[in-house]
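Generate the whole structure from the sequences, applying the supplied hints.
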Amino acid sequence: MIWDTHAHLDDLVYKEDFLEVVERMKSSGISRMTNVGYDLPSSERSVKLAQDYDFIYAAIGVHPHNAEEANDDTWERLLELVKKSKVLAWGEIGLDYYRDLSPRLIQKEVFIQQIKLANEVGLPIVIHNRDAHQDVLEIIKTTPLNTAEYFIAIRDLGKWQRFS
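My numbering applies: residue 75 is where the sequence shown begins, and numbers increase by one.
Hints are not guaranteed to be accurate.
[Stated by the list, open to error] EDC-like mimics (lysine to aspartate or glutamate), calculated; alpha carbons at most 16 angstroms apart, straight line:
hint, residue 1, residue 2
1, K160, E183
2, K182, E143
3, K182, E212
4, K182, E142
5, K215, E183
6, K160, E212
7, K100, D128
8, K190, D174
9, K158, D126
The set of hints was computed from the structure by calculation and includes no laboratory data.
Since the structure is predicted, the reported quantities are computational estimates derived from the model, not experimental observations.
Here's what the structure looks like:
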C-alpha cells in the first residue's frame, strides 16, 4: 500500500481536473492519502474530501503562514472538525522563518496552542519547519505531544539528528 501522507488536493489548482488527478493517483498505486489543512477553510475542505472519498483522510490545523488569522473561534471550529470521522492528525502546524508571513511570536504561540489542542484530542501533529529548526526543537521539547507520533518534513537531516 502506498499512502501519500501530505497532499493539498483541495487547492484551487486542482479544481478543473480534480477527478483526473484522483484517477492518476489511483493508477499510480496510491491507495490512501491525507489531505492536509493549512487554515480553517482548507481544514473544512479536507474533512469534506475525507467524507466524500473512501481513500482520503484529513489533517486539520493552521499553517504558520496563516497564524495571524487564528483566534478562539478557529480553535472551537477545528475541535468540532476533529469529531468528524477520518481526521488523522493536527496539521500543518509549525514555524516558517523563511517567508515570515506571520510574526514569529504569533507563529510560536499558535504552534504551542495547536500542540496542546492535539494533545487534548489525542492526535499526532504534522510539523512544518522552514528555517526555524532551533525554535521548533525547543517548542517540541517544552510542549511535548502526548502521542509518540510526529510527521516532520526534513530538509536537513543533520539538524534533526540531535532531536532523535
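Okay, which hints does this one fail, numbers in order? Hints 1, 6, 8 are the ones this structure does not satisfy, whereas the remaining hints hold.
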